[in-house]
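Listed in order, the protein sequences are those of chains A and B.
Take the first sequence: its position 176, counted from the start at 1, is 176 in my numbering, and no numbers get skipped.
Take the second sequence: its position 299, counted from the start at 1, is 299 in my numbering, and no numbers get skipped.
Source of the hints: derived by calculation from the structure; they are not laboratory data.
Among the clues, some could well be false.
[Stated by the list, open to error] Straight-line alpha carbon distances no greater than 20 Å define the calculated SDA-like cross-link-like pairs of lysine to any residue that follow: (1) A:Lys252 <-> B:Lys481; (2) A:Lys252 <-> B:Lys122; (3) A:Lys252 <-> B:Pro168; (4) A:Lys251 <-> B:Pro119; (5) A:Lys252 <-> B:Val439; (6) B:Lys481 <-> B:Val439; (7) B:Lys122 <-> A:Ser324; (8) A:Lys251 <-> B:Arg123; (9) B:Lys122 <-> A:Met277; (10) A:Lys179 <-> A:Ala7; (11) A:Lys252 <-> B:Arg170; (12) A:Lys252 <-> B:Ala128; (13) B:Lys122 <-> A:Ala7; (14) A:Lys252 <-> B:Arg123; (15) B:Lys122 <-> A:Glu279; (16) A:Lys251 <-> B:Pro168; (17) B:Lys122 <-> A:Leu276; (18) B:Lys122 <-> A:Glu248.
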Amino acid sequence: MRTITYAQGIKEALVEEMRRDPTVILYGEDVANFGGIFRITSGLKEEFGEERVFDTPISENAFVGAGVGAALTGLRPVVELQFADFLFTAGDEIVLKAGMWRYAHGGAYRVPLVVRCPSGAAGVGPEHGQCPEAFFMHAPGLKIVSPSNPADAKGLLKAAIRDDNPVLYFEHKLLYAAKGEVPEDADYLVPLGKAAVVRPGDALTLVAISAMVPKALAAADRLAKEGHHIEVIDPRSLCPFDRPAIVESVKKTGKIVVAEESYRTLGVGAEIGALLMEEALEYLDRPLRRVAIPDVPVPTAAVLEKFVIPSEEKIYQTCRELLS
Amino acid sequence: MPVVIQMPKLGHAMTEGTVLQWHKGAGETVTRGDLVLTVETDKAEVEVEAPASGVLARLTAAQGEVVQVGGELAVIAINGESIPAATASTPAAPAPTVAAPQVTAAPAPARSSRVAASPRAKRIAAEAGVDLGRISGSGPDGMITEDDVRRAAAASIAGPQASVALMPARREKLTRIQAVGAKNLTQSWQQVPHFVQMVRVDMSRTLEKRRAMSAGGAKTTITDLILAAVVQALRENPRINASYRDGEMLIYDRINLGIAVDTPSGLVVPVIRDAQTLDLGAISTRAAELAAKAREKKLLPQDLEECTFTVSNLGAYGVENGTPVIFAPQSALMFVGAIRDEVIAIDGKPEVRPAMQIAIAYDHRGIDGASAARFTTRVKQLLEDGAQAASGEETTKPAPFRKHEVTLSARGDNLKVEVNYGPMRWSLDGDDVAGPDPVSAFLGALGGCLLMSLRVAARVRKVSLGRASVHVQANEKGHVKEIQVQLEVESTLDDKQLHHLVEVAERGCHVRALIKPEIDLQLTVRRYGAV
Chain A
1 MRTITYAQGI KEALVEEMRR DPTVILYGED VANFGGIFRI TSGLKEEFGE
51 ERVFDTPISE NAFVGAGVGA ALTGLRPVVE LQFADFLFTA GDEIVLKAGM
101 WRYAHGGAYR VPLVVRCPSG AAGVGPEHGQ CPEAFFMHAP GLKIVSPSNP
151 ADAKGLLKAA IRDDNPVLYF EHKLLYAAKG EVPEDADYLV PLGKAAVVRP
201 GDALTLVAIS AMVPKALAAA DRLAKEGHHI EVIDPRSLCP FDRPAIVESV
251 KKTGKIVVAE ESYRTLGVGA EIGALLMEEA LEYLDRPLRR VAIPDVPVPT
301 AAVLEKFVIP SEEKIYQTCR ELLS
Chain B
1 MPVVIQMPKL GHAMTEGTVL QWHKGAGETV TRGDLVLTVE TDKAEVEVEA
51 PASGVLARLT AAQGEVVQVG GELAVIAING ESIPAATAST PAAPAPTVAA
101 PQVTAAPAPA RSSRVAASPR AKRIAAEAGV DLGRISGSGP DGMITEDDVR
151 RAAAASIAGP QASVALMPAR REKLTRIQAV GAKNLTQSWQ QVPHFVQMVR
201 VDMSRTLEKR RAMSAGGAKT TITDLILAAV VQALRENPRI NASYRDGEML
251 IYDRINLGIA VDTPSGLVVP VIRDAQTLDL GAISTRAAEL AAKAREKKLL
301 PQDLEECTFT VSNLGAYGVE NGTPVIFAPQ SALMFVGAIR DEVIAIDGKP
351 EVRPAMQIAI AYDHRGIDGA SAARFTTRVK QLLEDGAQAA SGEETTKPAP
401 FRKHEVTLSA RGDNLKVEVN YGPMRWSLDG DDVAGPDPVS AFLGALGGCL
451 LMSLRVAARV RKVSLGRASV HVQANEKGHV KEIQVQLEVE STLDDKQLHH
501 LVEVAERGCH VRALIKPEID LQLTVRRYGA V
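Put together the whole structure using the sequences plus the hints.
Have a look at this one:
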């Protein structure tokens with residue numbers, strides 16, 4: 001299989017779905033003429049024309065709202081935010097409209113909207129460097145995916161575009177250059193709500209999200225050399241969440257560490273902890289451990305950013321502590 | 001008056017029993033003789049029936065509860081009386097005054113603080129029966145973890161050096177019978193110095209004997225023949241039928257032979273009592289009865305008591321040899337292996353013979369190797385001689401099995417003649433004691449042949465024939481001059497057809513054809529029921 005980057009995976013998904021389905025449109029700040037702030041969409045305007053690929057004014061609330069409207073009328077808009085942090089700017093349209101309208105109208109309308117959200121700390125400070133998935137996990141009606149590799153990036157985006165519900169698609173900025181094998185099949189889809197066991201093991205369950213996955217795998221490699229076989233699980237979708245995958249793994253291992261780039265309080269790890277209380281209490285042999293950002297804004301200064309963002313070393317140490 | 005069902009006393013030594021299972025619930029109507037519950041004693045499971053008809057008004061003892069002999073198990077209301085609910089188990093028999101010596105473990109250090117253990121550790125500790133109060137935790141803040149529990153479980157099984165134990169998939173409590181058996185066997189193994197003697201037995205003769213007996217209609221099994229040989233050998237070697245106790249041998253003249261029987265709920269060893277008084281047929285009958293009772297769980301404790309020697313036959317399972325453990329206080333136990341063809345040197349030449357291993361374990365405290373060897377080899381010899389040597393008789397080699405060929409032999413000064421026909425043997429006897437005389441045997445052959453011939457004729461003509469019998473009679477004294485054959489037939493054929501059929505049958509009868517023409521043979525036919 002050929003090897004491409006995460007960014008190419010996203011672009012392939014967009015191109016393939018736009019070729020397949022004329023109702024798919026793409027817009028956002030600088031996506032058409034500039035090709036997107038991260039150059040994901042370059043050349044798409046040329047192929048699909050200005051009616052399907054166009055730039056918008058700098059108002060997330062307005063153009064995400066337009067996306068909700070377009071979706072209601074039968075199009076399948078893919079809206080690009082330059083940074084995931086701007087979801088808050090578009091919060092009314094995201095939480096109160098996209099997430100709720102299908103429900104609020106008794107199912108009379110569908111909202112097949114995809115919002116692309118480049119996420120993660122990359123030296124860009126508190127307003128451009130967050131992974132805000134957990135905020136929106138709390139909002140009903142939204143689907144949330146966070147691919148960690150090129151194949152999932154492509155497969156999840158294609159599945160998101162074909163889904164009749166609003167999907168927040170979190171693409172981590174530091175993963176754009178990551179390479180991996182990606183199927184060329186035009187119908188290669190990664191189902192929403194299905195976790196992947198990216199490394200099987202029996203000593204401890206390590207749940208890692210998005211850019212934490214490569215760090216978790218590196219930590220697991222180190223631990224394997226010490227004789228501890230860690231099971232690394234990538235949930236891929238945070239909403240819907242593959243609860244059985246986590247529960248089954250913990251039943252086997254009895255120990256769990258969750259690594260995420262969200263804030264610790266009420267983060268994904270907190271939700272997984274609650275899930276295990278509900279469904280696997282008597283299988284837990286150690287306290288849950290979360291590796292997350294302490295509850296401070298993501299700093300701009302590189303040294304501080306490095307300090308708060310979960311590192312491979314931090315994941316490794318946390319696992320070691322539980323395994324002792 | 002309500003009737004109380006009490007814990008029955010099912011053996012001399014029984015003081016209490018366990019309620020194994022209730023087959024009827026409180027409030028159910030029962031008829032006298034209905035199975036109400038099963039109780040378990042140290043030796044057997046016994047079914048308790050309703051002693052009267054009525055309503056099972058109260059179940060006093062719970063399943064699993066141990067009740068003294070005579071203690072109340074349930075109450076049957078006969079006339080609809082109301083029976084107050086049980087207040088407590090009320091044993092009628094006084095509790096034993098001497099308490100059994102209690103085995104106490106080393107006192108556990110008291111833990112005042114609560115036990116900090118992971119939920120997983122708690123679950124596994126419960127499954128493994130590990131007391132969390134006695135182990136210290138290695139987890140965060142001293143929390144007891146799964147590994148701590150497994151280590152403790154391993155240590156309790158295999159000593160402190162054991163590493164993390166294999167956890168059982170499930171734990172299965174032994175039944176009371178099995179548990180008592182386990183205890184007794186441990187004692188036997190630890191206290192009785194065993195030695196085992198093994199011999200190979202050529203079973204040709206014994207197998208022949210059994211074939212001959214089954215051809216004669218007897219239901220004798222190989223095991224029965226082995227048991228009979230053991231009884232004979234024990235009679236001749238009384239010190240083997242004994243118990244060692246405190247420097248003396250208690251030698252029994254009663255041979256109570258235990259036979260190990262496999263049942264779905266485990267191995268039991270019912271006892272053939274006073275086997276020294278029983279012949280082979282009686283041993284066979286008794287063994288079959290006990291095996292059936294064992295399989296139907298109908299054994300009573302007295303069926304299992306006072307065994308003096310045990311035979312364990314695992315041949316049916318294909319096991320060839322073993323080193324058995326004695327059931328103390330018995331002094332010996334015989335293991336019987338599978339019979340299989342083996343090459344045995346006979347007069348310097350290899351021959352294939354059905355052979356079997358026996359292994360006899362002895363208590364070395366009271367039995368030395370030489371006296372054991374006398375018993376071991378005697379059992380072997382009896383089986384190799386087909387057990388006939390027991391009565392000092394010479395054995396005859398069986399005649400080859402061929403149709404229309406019999407071998408007869410006579411010995412001694414009586415008129416008894418033994419007829420050998422393949423594997424079958426019977427006697428002809430001038431004194432009419434052991435078997436028919438030769439003429440009566442011939443009349444039997446004639447009648448039998450006529451009846452068969454009649455049926456063959458009917459089959460060839462495709463006519464149906466019901467019952468048929470024949471009475472054959474010759475003059476009682478002197479040379480045979482006349483034979484009367486009275487045939488009685490049940491048939492729908494008319495008289496003409498029937499007589500024709502009989503004529504055909506008579507012509508076709510080979511035995512009839514052997515009779516000299518000058519002998520007057522009268523054949524009469526009548527229908528069943530006709531006068």
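- prompt: What are the numbers of the hints that this structure violates, sorted from low to high?
  reply: 1, 5, 13
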